[in-house]
Each structure stands twice: as structure tokens, then as C-alpha cells.
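Letter by letter, the sequence shown follows residues 8 to 638 of the working numbering.
No wet-lab data here; the hints were simulated from the structure.
25 Å max Cα-Cα, derived SDA-like pairs, lysine to any residue:
| no. | residue 1 | residue 2 |
| --- | --- | --- |
| 1 | K481 | P437 |
| 2 | K481 | T435 |
| 3 | K174 | L216 |
| 4 | K174 | A354 |
| 5 | K174 | D163 |
| 6 | K481 | A376 |
| 7 | K174 | R224 |
| 8 | K325 | S301 |
| 9 | K325 | L304 |
| 10 | K174 | Y491 |
| 11 | K325 | R497 |
| 12 | K174 | P498 |
| 13 | K325 | G245 |
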Amino acid sequence: MSRAQIPTLHFRGRRQEPLIRYAVHIALRALAVLLPLVAIHGTATGQVCPTCVPLNDLGSGTHEGETGGLYPGGANTPPAAHAAAELRAARSVVPRDVLGVPDPDGLVGVLSIGVSSFAQEWREVTRAVDADPQRNGHLVLINGAINAATTNRLRDPQAPHWTILDKRIQTAGVAPGQIQVAFIETSRHHAAGLTFPDTSRAMSAELGLIVRELKVRFPQLQIAFVTSLIYAGYSTTGVAEPSIYEDAFAVKWLIEDQIAGDPGLVHDPRSGAVRAPVLAWGPYLWANGAIPRSDGLVWLPSDLEIDGFHPNDAGEAKVRDLYVQFFDTSPAARAIFGARSGVTRRAHAIDADASLDASRPTTALGAEATLDVDDPNLSFLVGADVAAFAGTIRHSKLALEPIGRAGELVAIGVSDAAWDEATVTAGTAPAFDGLTSGELTITSEKSLAEWDVTPWTQEAVTSSGGRISFGIEKTTPSLLSQLYARESGRPAWLAVTIDSAPGGVEPFCPGLVGSVGAPALLGWTGDASLASADLAFHASDLPAATVVLPLVGTSSVANPLSGGDVCVGGLLTRLPLTTSNDLGRATFAVDWTAPGTSVVPGDTRTVQAVFRDTVVEGYRTTSAVVVTFRP
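Produce the complete structure using the sequences and hints provided.
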């Protein structure tokens, strides 16, 4: 959301709820906290809202007659059935190829959607996740938050924001079929005359349109974490509390509608046509200004830029830490962001960069704190040593941070790696080798510009002496754009997914809860290597002494079968029947040389088992696995 496009959010009069003790309590706490702030900042400009209790502290209490809590009944955790749905969706987030088929060597696209303040916050989240080797190496985070991407705009599938979003995904090197997780953090342009709860009901309906559009555009989207913005009471842009506070009710009601079975938000094919991903709260970010929330969260003027709305470095770091904490504490998020064996992630800072000015062909600009680009005179170089990377590069993303609104950067030229930052000029710089990437649409101030540079990183690792170099060539239209150079302390970086053992086995499509009280699980022992020939599959949490039918498919599909999910597809082979033992376990192997199941290195097969549950009527299925074979 640009400074010029901040929506006008109206502060309205409120009926006073019978929350006298709370009002007195926060008034005293506000006085204790704000008096020192007056000494520091001159005046305390925060709009304290006496009846605005953070939703996670409000619980079964009410605001304007509406119950608090993040989930139904004033709770801050989802009902058991929805918690299971969240975890099931998270476990369905697996590496996929460009067609969306599960593939141990594929990627997981994680997309942010929202306004400009979220673009700034997600940049710091991306930087933290990219740099953490303990995170799932298959993940590719994409900053899709865009200026003025409010719900009343995003509700329109023809809005230009969607075109920009598609461009960013493409430029980052991720296919629509690989986008499986979304984080949504936005607000609404509240029209004058509407009052709560009508404003939040309208926003909730718009969020419903948005998540349905996301599911259409990204069919493999499994889960969307939704949240509201940080405190806006210091804003000088027309944004006012309690409007942002009340936006959280829109998120709450959206999720509650899905839990209640809204046909427009169906996520389970057994309940009808799937219209939406599973919806869950992300980290709840709102606190009442300087008044500490129960967990100690506060928002101070020193956390925000001069407009009082966008977070500054301190505020961005605070939001980043809340997201990182969420990744580690939410069961669903932990299942997505946790490390995976065999695949690692590396964030490698650019170690050389320099602007090139054709109007000053003998001037070296490598010591400047900015990288400048314009058409026709200005371009720049970035380079790094990647010799230490060992393994197959599954994905490599170059990430740079714009200072202001960057124009449409439309060309990355791969340049000769032999140049020196201290001496390179427009007259001595190596020639760019031409286009390597498509257009990158306009990016937000302090957001990210992200390009897929996978093949060139792999080439540098294997055959170019371990040094990689890129030239950013021009913008359209002619417009000076500036990005941070490494001298600024905010260097560009390469986010690299390295696969040390291509191929392998990956679980997907969790089974359904059966009469034993747990979903049947299909595990494995052995290796995907054809030479080892020791791969075996083990089903557990089956009913005792039930007949089990193993299936092998050449692809994956979601196909409800009498209350179960058959997730193997393509050409199906039925293996010999087996029977579970008294502990509800069954083991089977596959002859990968036999007709119908024969494979060669590089082939992919899916495996699952179907069984009849005599207590829970109908068929049930185990979870599934996908195998990509090694020599």
C-alpha cells in the first residue's frame, strides 16, 4: 500500500460496553507507559481504544456485542476437527513438479498476499527463512504483497494486482501448480458511513472471494494462514483505530464460516466441490499501542516509520520474530517449515556489486550504497562466490531490496565473472550476455525483487570456477530505480535449494481417521535406489485382521472413494492382497522389475493402500508416498 494509496479508515463513535474495570485498567497502564514516551517523543499520539481488547486476550468477552478469541467460542485454538484439517492440509504440502504432481525433487511455493506494510514485513521473514538451514529446503518464499492490495480491490479477479502477482511468481521460478501455502495480511478500504460490525462483515465476505480466487489460480494450494495488520493508532495517513483492530473480526468470521460448513469455503472433497484451501490464523499481530498484551507485545512510535503506519526496521524485526515463532509453534506451520533430510537451503550474500553509468564511462561506482538502474544509461552488476555449494541446485533465487518504488526491471544479463568491484566502470564492464529472465513488475519500497537464476547458479558451481555474476540492465518505462548495495548493510542474496541426493521417497496425501482413532499411515524402509532393491512399505493404524489392497500409480490424483481418498493415479497397478496383523499393521514390497511396475532411474511412482473399515462404514485409505528412483 503506497503512501498515496493508504485507504481512508474512519474512526467512529462507539457504544460503551460494560467494561469499566478493563477501561480503568488500560488507562492506568497507558499512563504508566506513555508518560515516558512523552519525554522521548514530545507527545504521545497513539489512539488508545478503551474497548479494544486484543482478540487473543478478549476470549469470551465481547467488543460491540461480538465475542472475542481467534476461533469459535472465544478460544484461541481451533476446534479439534478443524485442527486435524489444518494438519492434514499441512502434511499434503509436499515438493511438486511444475504440473503440481508430487515429486521428491520438486518445490513448495509459499506466497505472501497483502498490502505494502506486509511486503516490508515479509521481506524480513524471507531473509530469516532463507538463511536458516533448519528450514525445509524445498520452500521458495515469494513476496506477493503489493501496494494498495486491500480486500475491496483483490476481491475483483480482474484487478491489476493479480497480474502483478502472477508476474512475480513466474519471475521467481515457481509454477502455479507448486504454490501450496499462502499467508494473507491485509485490510479493507472502509467506506464512510459503515460501522462495525458491518465493515468487518463486508471484509470477511471479500476475504472469502479472495481465497476462492487463490484456489482457482493455484489448484494445489492446501492451506492459507490469514491475519490482520499491526496497530495503526499512530498513523498520520488517515488510517485510524479501531478500524484495524476490527479487521481481525473479519478474519475470525471467515475461518468460523469455513468451520461451520459454508459451501463457498469447502476444502474437503467429501463435503462437496472444493472451493478454498483450509483456512487458519497466522500470527495475531495487533496490540493496543503501548499497552502490553498478555504476552508482552506492544507497538510504540519507535516501531514505525514517520507516517505512523508502516513498520520501520525495529517494527519489521518484531513482526518477523512473531512469524518465526509461529513457524515453530503452530503444528501445521511446523509441519511445513521443518527441515527435510537430503535437501538443504543456503542464503549466500552477494559479495560484490557496482552501478554502471554509461554517461560516465570511466567512473567507478562500486563503493556507492545504492545500485542504480535506468534506461538507457544506468545498469549494475552483482556477483558472488558459490564454489562451496555441493550437490544438485534445485532452485536458486536472486533477491534484491528496492529503496523506493522500483520500475519494471525487465532484463538480467549474465556477465563475465571477471570484474573487480573497486575498479569496474561502464567502460570496462564485461558485456551482458542477453536476457535470462522475464519482466519483473514494479516492486514496493523496501519489498523484494526476486529472480529465478537456477541454471546459472548450477553452471557456476559445476563448470564456471564457482563464481557467478549478473547484470541488471534496464527498466520500463525509463525511470530511475534504486536498490540497496551491499555497502548499505542490506546486501542482495542468493537463496539456494541444494539436493545432495536426488530422488527419494516423500509422503503426501494423509489418510483419514478410521475406527482405530487415527489415520492409517504408510511408511517405508529402505532406499529409492534400484541397486539396493530394499524398499518396503509398512501400513499402520489399520483395523486388525482387515484385507489391504496396495496400489501403485504413475501419477497422483485426489479422488474420493466411499469416504476415503485415493491419491494415486495415472496407470494403476493392483498388488496382491495382504492382511493386517493383530496390531493393525501390514507390510508389502513391490517388484520394480515386473511387468506393470517396472521402472528405470528417474521414474516416479505413487504408492498407497486401500482397506475396508468394518466399523467406520466404507473404504479407507492409508496416506500415500511418491518415489523417484535412483540408479
